[in-house]
Amino acid sequence: MKINKLLTVLFLISVFFMSCSNDDDASTPRGDYENGILISGEGSGSTASVSFVSQDLSIVENLIYKKVNNSELGTFLQSMAFDGSRAFIVVDNANSISVVNRYTFENLSTITTGLLTPRYMTIVGNKGYVTNWGSTADETDDFIAIVDLSTYAVERTIPVGNGPERIVENNGKLYVSHKGAFSTNNIISVVDLVDDKVETITVGFKPDEIFVNNQNELVVLCGGNEAWTMDETIASIVKINLSTNLETVSLPFATGEHPTLMVLDNDVLYYELNGKVYAINENATALSSTAIVESQGFLYGMEVKNDRIYLLDANFSDLSELNVYNLQTKEKIKMASVALGASKIYFN
Amino acid sequence: MKKALFIAITCVSCFNGFTQNDLINRLEKVIIRSDRKLRQHSVGYKVSTLKDSVLHKNTESFTLLLRYNSPIYFKEYGAGGTSTASFRGTSASNTAVIWNGVNVNSINNGQTGFNSLTVSLFDAIDVRSGGGSIEYGSGAIGGTIHLNDNLKFTSKRQTENLIVVSVGSFNTYNSLYKFRLSDSKKTVKIGLSYNQSENDYKFLDTDFKNTNGAYENLGVNISLAFFINRYSKLKFYSANYFAERFLSGELPNPLAANDKYKDFNHRNLLVYNLKKSRLQHELKLGYLAEEYQYFEDKAISTFNFGKSKRYLANYNLGYSFLDKKGELASYTEYESILGKTDQILEKRRTQFSQSIIYNQKIGHAISFETKIRKDFNSDYKVPFTYALGIKVKTSNCISIRANGSRNYRVPTYNDLYWPGQGNLDLIPETSLQGELGVIYNNNQFKIDLGAFYIAVKDKIVWIPNGDSARAGVWVPINLSRANNKGLELAFSYKEKVNKHIFSANLNYSYTIAENEVTNKQAIFVPEHLLNGNVTYNYRQLSFFYQHLFNGKVYTTESNSKDFVVPSFFVSNVGVDYKLFKNTKTQFNIGLKVNNVFNENYVVIPRRPMPNRNFNLNINYKF
Chain A
1 MKINKLLTVL FLISVFFMSC SNDDDASTPR GDYENGILIS GEGSGSTASV
51 SFVSQDLSIV ENLIYKKVNN SELGTFLQSM AFDGSRAFIV VDNANSISVV
101 NRYTFENLST ITTGLLTPRY MTIVGNKGYV TNWGSTADET DDFIAIVDLS
151 TYAVERTIPV GNGPERIVEN NGKLYVSHKG AFSTNNIISV VDLVDDKVET
201 ITVGFKPDEI FVNNQNELVV LCGGNEAWTM DETIASIVKI NLSTNLETVS
251 LPFATGEHPT LMVLDNDVLY YELNGKVYAI NENATALSST AIVESQGFLY
301 GMEVKNDRIY LLDANFSDLS ELNVYNLQTK EKIKMASVAL GASKIYFN
Chain B
1 MKKALFIAIT CVSCFNGFTQ NDLINRLEKV IIRSDRKLRQ HSVGYKVSTL
51 KDSVLHKNTE SFTLLLRYNS PIYFKEYGAG GTSTASFRGT SASNTAVIWN
101 GVNVNSINNG QTGFNSLTVS LFDAIDVRSG GGSIEYGSGA IGGTIHLNDN
151 LKFTSKRQTE NLIVVSVGSF NTYNSLYKFR LSDSKKTVKI GLSYNQSEND
201 YKFLDTDFKN TNGAYENLGV NISLAFFINR YSKLKFYSAN YFAERFLSGE
251 LPNPLAANDK YKDFNHRNLL VYNLKKSRLQ HELKLGYLAE EYQYFEDKAI
301 STFNFGKSKR YLANYNLGYS FLDKKGELAS YTEYESILGK TDQILEKRRT
351 QFSQSIIYNQ KIGHAISFET KIRKDFNSDY KVPFTYALGI KVKTSNCISI
401 RANGSRNYRV PTYNDLYWPG QGNLDLIPET SLQGELGVIY NNNQFKIDLG
451 AFYIAVKDKI VWIPNGDSAR AGVWVPINLS RANNKGLELA FSYKEKVNKH
501 IFSANLNYSY TIAENEVTNK QAIFVPEHLL NGNVTYNYRQ LSFFYQHLFN
551 GKVYTTESNS KDFVVPSFFV SNVGVDYKLF KNTKTQFNIG LKVNNVFNEN
601 YVVIPRRPMP NRNFNLNINY KF
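Residue numbers (full-length UniProt numbering), protein chains in the order written: chain A, 1 to 348; chain B, 1 to 622.
For reference, chain B alone in the conformation it holds in the complex (with noise of 0.2 Å):
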């Protein structure tokens, strides 16, 4: 059945590859963005792209294309299993992704899994760092990641199919198709990606593999935009997955894990534009429906379920004048959410929002921008939040940034309404942050370095005995204040000789997370992280070599040294050739092995990651 589905998917593929007739020319294009908070308002701040060429060639996990990819870390419980973020040593629920613009963390537990989730559909993905709650409401306080669809017009009616098919140790597939239908007025796209493995990789140095580890997803996007008339345009953006997988167990006995989770998400976004003259308005409405279903027993049918719903509606409107150098801009912003669980009965949730945001440019060098919100939520009092970003360049090649922010992120459904548990006391946990910054950029390098800040208070922990009525039942409390600080370096180069195409980048942080009382370093935020990729291309060749370092991370509160989980180095490599390429068609065949020098590592305990592993894909464009 698995299979079945798999060759469906390819073969549908194929056969939409007959439907192409038009010829492509080299053709002028408009791309339209879906996240125009995201490329107007980040002044100050870094915001760093990944491109659909880098997305298809980490098609594995959203996990593991961040990992190389990005300065977040990621706790991951065996390859392919729960995966929570720590962005700037932040909390799993301080990390807010971000589709077409719109927050998606779980409502129940405020985060988002990285292993429930692909991203190969996407166009780009965006990785801001620090606060943005401003933009994003709730949990952008470590960062934001962007997961965007750009839409295309052509001035002539184009059509574009992509396929990439990848097949890989464990029986790992990974599939996608991407099709696109474009001309002056309108432009239609869809995806489909099914990605199945069995991921039983051994654990290295045991008798055991990473049995009950398999997974299987399937992912349905379609978005498109047409032109109602000069002035106006609709968009619509839809992305559907539906995804099963096994969680394996740890050591010393892997085989007792037998349980199993399921999640469905539907996301639809209606977007209208006008825009005339200095006056720019943009209404949104948005409907997105999650569900996850948790069996504890995958022999069993019985199931642990969260489910929710949410509405929400936006007015923004953009005023541009001083020659378009200044803009000024309002958000308003409705959302209806509705939550529940096998646990909390159906609880309503609404939220009002309003922000202004002014930015302006002084001549050729200075940018700023300053950005207030406030928000009425119905369940508690949301704080009052402010934002400033500044860019200055100096010279040709510097340029400095500074940006400072007030964000909170707010209790979850489980926070405040697990039986017996739940806390209706709560208060948003609440940040306070700045960040300096250096740029450098030539034709050949850019190097951004940056210093950050963040004083978070407030914190929603779990604790037993976390309140007095209830003597020794696990309660959340606002109790910590954690101080984290650190820097983010990230580097670029591009080198070309001829034929010779030399590129590196390169991202490391250096993070201190101190709970602000014991001045102990956070559990699970690794001091140290550097990752980086470096390709050769000569002619139809590309080289790629990817490496991980994950510094120590510890594991209680004491930073006791007996509770560790080591530093780990994995290495990446992998080769492309490029069959043929013309203007109309391109046919990529690679191949990567993963750990190539077969690492035996943790990054959670007791549960090895794959050791040495391969992956051939082919990725085919007409």
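Same shape as in the complex, but just chain A (with noise of 0.2 Å):
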């Protein structure tokens, strides 16, 4: 009895210790990285960098890659990519990605075979989609090259037309927004991940972020050909049903508007327009005329999450500034010095 009760007690200690340790492993940081923001900076005539901003806005940490690696990510990171360990910086002009660990940034390996121009990346199962502009001095070399994410290596590619940029993927299919490079575009494509099938959907010009929201539905920002191109287009705001791949909705901008920014978050579409943010509702059918913000400099990257809109001002021959506001009273809650050519946020 004494001793099953002994045996009781040291069961219930056991198993209060492992709990213990359980809580603690799982509140240990997975390294000084973690619960924070990541801003990616193109840079220029300076690196390319990743800044970190703690959770609570209070530690700014730049050139954290720099930092840890002790070497530098050349020009110009153009976005990044996250599975649940890794990061993946795509930068175009070094047409490499590196990879690192997403808490600590140690380089894990450096991918620079198979991408040409490579700009943004998404991941399905243990693949990376990278699209690719190919050379630019050619419009009809563009690829997505798929990288297997266990060898580091581009494993085959998939042509596409001219200036492939966001890809995201829904329901095994890839949707890829062709902004046009150094020229212009006007497609969607949909590429098929079981047989590689392309098939194309036409949209406005200058294609750029594209989101699937919860009604099916590819929400994509046209941007529009601006007037110096000579064939100037209207900018509009589009949803495409992907059950039909029909355009249902288009909300259009003012000539002579090209809007460069939109984020979805919560139903509400947040989208720039001469340096200054406006929101809608995802169902809205008019464009807003009223600002929720407005950007003092050069308003180049946008994000929204909890109540707070993060907004980047960009700098290329400096620092760039971060403002936090918060979405509810419209209040600056945070200024911070981050990368240069700051133009990308993520959670991590």
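Because the hints were derived from the structure by calculation, they are not lab data. Honestly, I wouldn't trust all of these hints.
As the list claims (entries may be wrong) - If you only want the chain B side, here are some residues facing chain A, beta carbon under 8 Å, derived:
#1 Glu250
#2 Asn253
#3 Leu255
#4 Ala256
#5 Pro419
#6 Asn465
#7 Thr555
#8 Ser558
#9 Asp562
#10 Pro566
#11 Val602
#12 Pro605
#13 Arg606
In this text the structure is predicted, and so the values were computed from the model without any measurement. Don't be surprised by glycine CBs; every beta carbon is placed ideally from N, CA and C.
Two chains, two frames, a set of hints: combine them into the complex.
What follows is the structure, encoded as structure tokens:
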């Protein structure tokens, strides 16, 4: 009996300790850069870089890749993609993807072969799908590179139209917006992951940001051709029904207006126009005329999460500015100097 | 093919050797310099000359030549890559390159690429510190670099041949051949140069090489002059240049680079001089054409291009009086430029300018000069410019010099017309600047120490949102004001003990180039820059040591310590042996070791510069 009791106590104690250590495991940071925001900067004369801002906005650390790995990323850092433990840093001019542990930022590998002006990446299973402009002097050699994420080798490519940009996956299909690289384009490529077959959907010119919403629609921001192209077209936000691949909604901008950024968060669409940010309900049938916040600089990146909007005022010859606003009060709650040529925000 | 051309030039030069027939005695000679303005109108300025012997020792590139022999900082994108100058902390378009008196900065971007020019064919290069828009127009703010052909008349018929051939690491071959035929009435000079290199040096501490860095270029220069009669002569200068080079990549993946650049330049100048008693007339006609082609992908034949044609006519009149102690000179210039790029339709710009220069010597000790210039330009208003210079000899060894001037840099074709981004409302950048210097000169030493100040306003800067009507578009605007100040020291020393000859020269510059609003140092301007050459000569043997200390530079406007190019110190050494020398012929063989300490350094971030490398050269004059 005594022994049983003792065993029971020991059992309970061990369970207690085990659970304690389990708890500890869960709360031990997986690296210095967990629970925060990663900001990627394209760089220009100076290196592309990644900045870290802690969740409570109290800590700002620049050049984290360089600090951890003692090497530079090159130019121009276009975008990043993530899976459970890794971050993939796509640097277009360097034809490279630097693979790092997303929480410690230690370099795991750098992919330098098989890519040609890589832009954006999405991950499906153990494969990375990377849009590539190909040679910038050739408008017919653009492709999607398929990267094996165990070997970090490009295993094959799928040719697509000129200037593939953003890429998202939905229901076994890849959706790619073709902004048109150094010229312009007006298509969305739809790639079937089973047989690599590519279909295209025509949209407005310069489609850039794309999101799949809860109604199985693809929301696309088409920036339109600017006046200097001598072939100006109207910008629009369009929705495409992914069952039929047909356009269901189109919200046109006025002539001469060319929005460049869009974010979808909790059924609200946020978009940028001339340095001002507008918000509309996802089901809205018209654009807004009242800005919610206005940038003081060159608004180049935008993200929304948990009642906060994060704006990047990019500087290409110096550190850029991150401004964080409370979406309810529209009050600025943080300003910080971050990566040179800052363009993208990721929540880590 | 490349090699064949190289060999052809070398052999042709050897063949030409047989044509020599005259004995060369110690002859009287008259040297005609191409640029009267530089010689006569630099009172109060520092002008340093790099002689042909220096040029022939540094044939690898124009950038390298000036980096080790002038106070100018070069922003070079890897050895042999794009290279721009910063003189006294000014921007790339504020250093003017002058070919035989004509400003040859590009119409499209206002700059000269210092690796898209070979200069070993010129007889001398002069570097003049300080403003010179009066004489040379746009861009002469930090200073001017002069490429000069000197024509030589000799009392007896004379021929002279020179061959310089060098073979270096990374499959580098440089060759040049110069031929001169002259007598008391006429003179002809022909120069050929051909350079090529794989330029694939190893990036120290990495597995990479400077891939896609190869270059090859051919230069053909011809100049001639003859006396029409006792008072008048006709001169003709022609320089032609053909180059192809690849633009290397940067770490972490230099293999990504695949672009290529081609250049063609043709420069022709015809000059008529008439000098009779107190009057001197000079009429110049020039035709200059340049073209570049940029291939984003060397495997694809499509390219971007820029082309320009310039026609110019000058009439200069000089009148001397007061027993030739005073001179009044007038320079009248008309220029018509046709420029276009693949993005810009052909535009014509015409400019008319008139300058008046008065200089005078007072006694033996004082000389001074006053200059004014007014320009009329078809595209925009060019400011009225003026300059003053004075030099006073205070004792046998010491002189004081001072100058002050107003200068400008006009907007380039790209600034004005780039589709969607150009800005037709731009006005020229202008500077007000001054300098005070002391010269100490005895038989052994020469020291020139100068302090300068340059205030530039309306600097043309490309920024996003430069024009509120074009949100998000990069547009050039007249934005910032900058104040540059600093010191420039040039020192030379020569000592001869029996047959031991020792000489040294050194340039040091201290430069503060501040944005007037932020008070931060301009990007890519080192505070400290020091270079020097030491030579020791004993009989046929000579050794030299060359070094460069390049101070830290900031690469961001806020001078962030995270974005800097660290300082570096690079040394080259060499030995020369004179195999034989007599009145007719001279044959030298030399070995040079560049970056002898194998320093791992960069000028531009992520672009390592060459590791230790060798160059074997011969120099044959007959």
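Next on the checklist: Can you verify the interface hint for proline 605(B): is its Cβ closer than 8 Å to any Cβ in chain A?
Outcome noted: Hint on proline 605(B): holds, closest Cβ of chain A at ~6 Å, below 8 Å.
Item to check | Hint check: 8 Å Cβ-Cβ cutoff, threonine 555(B) to chain A | outcome: With a minimum Cβ separation of about 5 Å from chain A (threshold 8 Å), the hint on threonine 555(B) holds.
Item to check | Restraint satisfaction for valine 602(B) [CB to CB of chain A, less than 8 Å] | outcome: Check failed: Cβ of valine 602(B) comes no nearer than 11 Å to chain A, outside 8 Å.
Item to check | serine 558(B) as chain A interface residue, shortest Cβ-Cβ below 8 Å | outcome: Hint holds; serine 558(B) Cβ to chain A Cβ min 5 Å, cut 8 Å.
Checklist entry - Should the interface hint for aspartate 562(B) be scored as holding, given a Cβ-Cβ cut-off of 8 Å against chain A? => result Holds, because the Cβ-Cβ distance from aspartate 562(B) to chain A comes to roughly 5 Å (cut-off 8 Å).
Next on the checklist: Does proline 419(B) hold up as a contact with chain A if the rule is Cβ-Cβ below 8 Å?
Outcome noted: Check passed: Cβ of proline 419(B) comes within 5 Å of chain A, closer than 8 Å.
Next on the checklist: Given asparagine 253(B) as an interface hint, is its Cβ closer than 8 Å to any Cβ of chain A?
Outcome noted: This hint holds: asparagine 253(B) lies near chain A, its Cβ roughly 4 Å from the closest one there, short of 8 Å.
Item to check | Interface hint outcome for alanine 256(B) [beta carbon to chain A under 8 Å] | outcome: With a closest approach of 4 Å, the alanine 256(B) hint holds.
Item to check | Given hint proline 566(B) near chain A, where the shortest CB pair must fall under 8 Å | outcome: Hint on proline 566(B): violated, closest Cβ of chain A at ~14 Å, above 8 Å.
Item to check | Interface hint for asparagine 465(B), Cβ within 8 Å of any Cβ on chain A | outcome: Hint holds; asparagine 465(B) Cβ to chain A Cβ min 5 Å, cut 8 Å.
Next on the checklist: Restraint: leucine 255(B) near chain A, CB-CB cut 8 Å. Satisfied or not?
Outcome noted: holds (6 Å)
Item to check | Interface hint compliance - arginine 606(B) to chain A, C-beta minimum distance less than 8 Å | outcome: Because about 6 Å separates arginine 606(B) from the closest Cβ in chain A, which is inside the 8 Å limit, the hint holds.
Hints 10 and 11 from the list above are not met by this structure, while the remaining hints are.
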